[in-house]
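A.B. asks: Sequence:
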Amino acid sequence: MRLFVSEGAPGSLPVLAAAGRARGRATELLISTVGPEECVVPFLTRPKVPVLQLDSGNYLFSTTAICRYFFLLSGWEQDDLTNQWLEWEATELQPALSAALYYLIVQGKKGEDVLGLIRRALTHIDHSLSRQNCPFLAGETESLADIVLWGALYPLLQDPAYIPEELGALRSWFQTLTTQEPCQRAVETVLKQQGVLALRSYLQKQPQPSLPEERPVSNEPEEEELATLSEEEIAIAVTAWEKGLESLPPFRPQQNPVLPVAGERNVLITSALPYVNNVPHLGNIIGCVLSADVFARYSRLRQWNTLYLCGTDEYGTATETKAMEEGLTPQEICDKYHTIHADIYRWFNISFDIFGRTTTPQQTKITQDIFHRLMARGFVLQDSVEQLRCERCARFLADRFVEGVCPFCGYEEARGDQCDKCGKLINAIELKKPQCKVCRSCPVVKSSQHLFLDLPKLEKRLEEWLGKTLPGSDWTPNARFIIRSWLRDGLKPRCITRDLKWGTPVPLKGFEDKVFYVWFDATIGYLSITANYTDQWEQWWKNPEQVDLYQFMAKDNVPFHGLVFPCSALGAEDNYTLVKHLIATEYLNYEDGKFSKSRGVGVFGDMAQDTGIPADIWRFYLLYIRPEGQDSAFSWTDMLLKNNSELLNNLGNFINRAGMFVSKFFGGCVPEMVLTPDDQRLLAHITLELRHYHQLLEKVRIRDALRSILTISRHGNQYIQVNEPWKWIKGSEADRQRAGTVTGLAVNIAALLSTMLQPFMPMVSTTIQAQLQLPLPACSVLPTNFLCTLPAGHQIGTVTPLFQKLENYQIESLRQRFGGGQAKVFPKPAVVETVTTVGPQQIQMLMDEVTKQGNIVRELKAQKADKNQVAAEVAKLLDLKKQLALAEGKPLETPKGKKKK
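Numbering follows full-length UniProt numbering, in which position 77 of the sequence shown is assigned residue number 77; successive positions increment by one, without gaps.
You may find that some hints are simply not true.
Claimed, not checked - Listed next, the in silico DSS-like pairs over lysine-lysine satisfying Cα-Cα at most 25 Å (straight line):
#1 K205 / K192
#2 K492 / K460
#3 K421 / K580
#4 K555 / K580
Unchecked claim - Derived CB-CB ranges, DEER-like:
#5 K192 / Q863: 56 to 64 Å
#6 K192 / V874: 54 to 62 Å
#7 G600 / K727: 48 to 56 Å
#8 V444 / T339: 34 to 42 Å
#9 D420 / I31: 16 to 24 Å
#10 G472 / K492: 36 to 44 Å
#11 Q158 / K492: 33 to 41 Å
#12 D592 / T339: 50 to 58 Å
#13 Q254 / E391: 55 to 63 Å
#14 G472 / L72: 15 to 23 Å
These are calculated hints, taken from the structure and not from any lab test.
Idealized CB from N, CA, C, for every residue including glycine.
Could you put together the complete structure from these sequences and hints?
C.D. replies: Put into C-alpha cells, the structure is as follows:
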C-alpha cells in the first residue's frame, strides 16, 4: 500500500494518525509526500490528497474512508455511534470549520470573528462528552470518530485561545489525543513546526468557503431542498393523495389469541422480564418496556400479526431476600409486586397482549423439558462448588445473603456477587470478613454439588447460528459487541443450579434440594408466559421459519438473551424460535447521578403518576432522550424545554391551529382543496418524511422516528405561517378558496400526525383523532404515502388544546422532591422567579427560539397583520424571553403596566 500526503494539507493529519495506529498491521505501507498540485489518482482531473493506493490498484481518496480502512486493519469494529459522529463531522462541522480556518489563515481574522463560526459545533462536542461521562466520543476507547474529528480540529484548537474556557470536556479530549505518539508524528509531518501557517499555501489555492448560515431551530425545508424533488416524485405523491381512504387496505381486527399466519409477517416481541421485587424506575421503563411498546404499536399499524408479551421474573435470591425484609413469604412478595408492576405499566399505556409471571406450572414444565433434553445430549456437567454456608441458619448462602469487605477496594458492604463501590464481580468466598445477612454470623466454606451448562461444547453451534442471524438483522451495535467479547474470551461452563428453595425445581436425583439458577430459566419465562396465554404457544416459539423475534432490553441483559438462551435452545434441538433482532439500550441516568430508591433519588414508576404530568408526556420525553448510542440522562430542565417547545409550541400549536381554522373559518367542515404546484411539492416532501419514519421504525431507530414526526409538524407550522389563511379568508372568492386549500391541507397533515403519533403518545393520538373525527381505517392503518383522509365536506369535532405548559416553579418543586432529600413543596412565586442556571446547550436552544419568534413578530408587524395575531405572537415572544432569563439565572420582576385611572 502507498499513502500519499502533502505538507500543509489538513486532511493529511487524521490519515497519518490513523496510519500510525495501524503500524505493524499494514503490510509494507509506504508514505510519500507530494506537492499539492501533483495528480496522484490517474482518473481524477484535479489534484487530490490524501490518497491511499491499495495493493489491488484501487484508490481511496476520502479522508474518512482512508482512516476507516486503517482502523479496520487494526481490528476496530464499526458501530452506529461512530457513524453518527462521522456524518455530523461531514455535514455540520466541516462547513463551519472550513470557513473558520479560511478567516484565520488566509484573511488574518482572529478572536470572535473565527470562534463565532465554530462555537456551536465545539459546544456540541463538549456537551456530548460531558453527558456520556466517557473520555472519547463513542465510549471508553478511542474510535475512528475521535481521530477524524481531532485531525479536522487540530489546526484551530492547537491555539488554546480557540477552546472556550467553559468547554472543559472538549479540552481534556483534545489534549488526550494530541499527546498520543501517532498524532504527534502526524503534526510534525504536516505542519513542519510552522503551526497553523503551514496550511496557508494549501488554503489559498482552495475556493473561498461560503459562510455557514445559521440553521433555524424549526429545521424547515429550504427552497433548494424542495427543488430537488423530481416531477415524477411529485406526481406520484399527488396521485396517492387523491386516492385517499380507498387506497388503504381493509381494517383487520386483532384475533384472540394472536397466532402466526403462514405467508404473512409474524412479529413476536418481548420486553426483558423485570425482577418482581423492585419498583421499576424511568430507566427500566425506557430500556425495555416502553421501547418495545412503541415497536409493538407500530407493528400493529402495519397490520403485521403481532404478539407482545412481558411479565415479572419472580424466582431467585432477590425474591427470598425481599420476603425476609418485609416479613412475607416469597409468594406473597410476588403477588404484591406483580400487581405494582402491572399497575405502573397500565398507567404508562403499555399495550401488552399478556403480562404474565414466571411462578407457574408451565414454567416448571417447559424449563424441566429443556433441561432433560440438554442432559440427554451431553450438554450438562456436574461439579463441586465451594460456597459459604451459615451453620446457624443451616443452609448454603446465595450471593445476596452475604456481605463483607471487598477484596479489591476494601468497601465494607460489598455483596457476595458484586461490589457496589468499585463495580467488580466477586466470588462470595473471596470476601473478607463475610457475614450472613440473616443472622450476622460468620459463614464457613464448604463444597456443594452443582450442575453446569457446557457452553464450550455449544460454542460452535452458537457461532454458526450468529453467522446466519447477524447479517441483515437489526441487532444493536452494543449487543453485537457484548456477544463478540464473550466469544473472544472463550465460553466457559456456567453453573445453572443454586442452593435455594424459591425457584424451579431441578428434576434430577441428588439435586432435590436445589433449584435452577434464575439466569438459566428466566428467559424460558417468555415461553411459559405465552403458554399461559394460548395452548398453541409452540406456533410462536417452535416456528423460526415464520416468526421474527424482537427482544428489547438494557445492555446488561444481552448475554442471557444473545448467548445463554440460544445455547440452551440450540442444545435442546427442538426447533425453537431464536432472537432475530436484539435491541439493547444503554443506561438512563438521573440528572447527574443514578436512580436510587433507598436514597430517594429519581422518579420511579409508581411516583410518575403523582407528579400531575400525564403519562404521554413522560412517554414522549423518555423516548426523546432514549439512550440508543450512549448513556443519556433524565433532566427536569430539559423535560420542561422539550414539553414547552416541541409539544406545546410546535406539535400542539400546529394541530390546534389547523383544527381551529376549520372550525372558525368553515363551520367545522373541511373545505375544498385546489392544490397549487407548491402545495403538491409539500405533499411529496411530507411523503418522503413519512417514508423515512417507516424506514427508521423498521430498523427500530425509535428516537429518530419521533423526530420525523416533529419535522412534519414544523413543515405544517411553516406552511400555515407562509400562506396566512387568516388573511385570505377576508378577501375575494378566489382568496377564500386559497384559505380553504391551506386549511384543508393543514388539517390533513394533522390527521397524518395523529396516526404517526400513535406508537409514541397513544392517548394524545386518540384525542386528536376524536377531535378531527378521523375515519376508523385511517386510525388503524399507517400507509407509506400521505393520503387525503379528511376530504372536502368532512365534519370535524370540537378542537381543544392538547398540551399544558410546564412552569419553572412546578419543575423546581419536582426536582427538589426527587433529589434525595425530604420532599418540599414550593409555592408559586408571586413577584420574582429564579431557577438554577442550566447548561449552555439548553440556553442556546432558548436563544434560538427567541430569535425565531422575534423574526415572526417583525414579519407580522411589517405586513401590518391583524392586531390580535400580532398580540398572540408577541405574547409567545415575551414568554420565551422569560424562560431564557430564568434559564440564565436572572431574576424577573413583574412587568410595569399602565396605571388604572
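A.B. asks: Would you check the hint for K492 and K460, treating anything up to 25 Å between C-alpha atoms as holding?
C.D. replies: holds, 13 Å
A.B. asks: Is the hinted range of 50 to 58 Å satisfied by the C-beta distance from D592 to T339?
C.D. replies: violated, 33 Å
A.B. asks: Confirm or reject the claim that G472 and L72 have a C-beta distance inside 15 to 23 Å.
C.D. replies: Holds, since G472 and L72 (Cβ atoms, about 20 Å apart) stay within the stated range.
A.B. asks: Would you say the C-beta atoms of K192 and Q863 sit inside 56 to 64 Å of each other?
C.D. replies: At 58 Å between Cβs, range holds.
A.B. asks: Holds or violated: the 34 to 42 Å window for the beta-carbon distance between V444 and T339?
C.D. replies: holds, 40 Å
A.B. asks: Tell me if the beta carbons of D420 and I31 are separated by a distance inside 16 to 24 Å.
C.D. replies: Violated, since D420 and I31 (Cβ atoms, about 50 Å apart) do not stay within the stated range.
A.B. asks: For the range 55 to 63 Å, tell me whether the beta carbons of Q254 and E391 fit it or not.
C.D. replies: Roughly 57 Å apart at Cβ, these two residues keep to the hinted range, so it holds.
A.B. asks: Tell me if the straight-line CA distance from K555 to K580 falls inside 25 Å.
C.D. replies: Judged against 25 Å, a Cα distance of about 16 Å means the pair holds.
A.B. asks: Evaluate the given range 33 to 41 Å for the C-beta pair formed by Q158 and K492.
C.D. replies: At 48 Å between Cβs, range violated.
A.B. asks: With the threshold set at 25 Å, check whether the alpha-carbon distance from K421 to K580 stays at or below it.
C.D. replies: This hinted pair is violated, its Cα atoms lying about 36 Å apart.
A.B. asks: Has the given pair, K205 with K192, been kept, meaning a C-alpha gap of at most 25 Å?
C.D. replies: holds, 19 Å
A.B. asks: With 48 to 56 Å as the target window, see if G600 and K727 comply at their CB atoms.
C.D. replies: The hinted range 48 to 56 Å holds for G600 and K727, with Cβ atoms some 55 Å apart.
Hints 3, 9, 10, 11, 12 from the list above are not met by this structure, while the remaining hints are.
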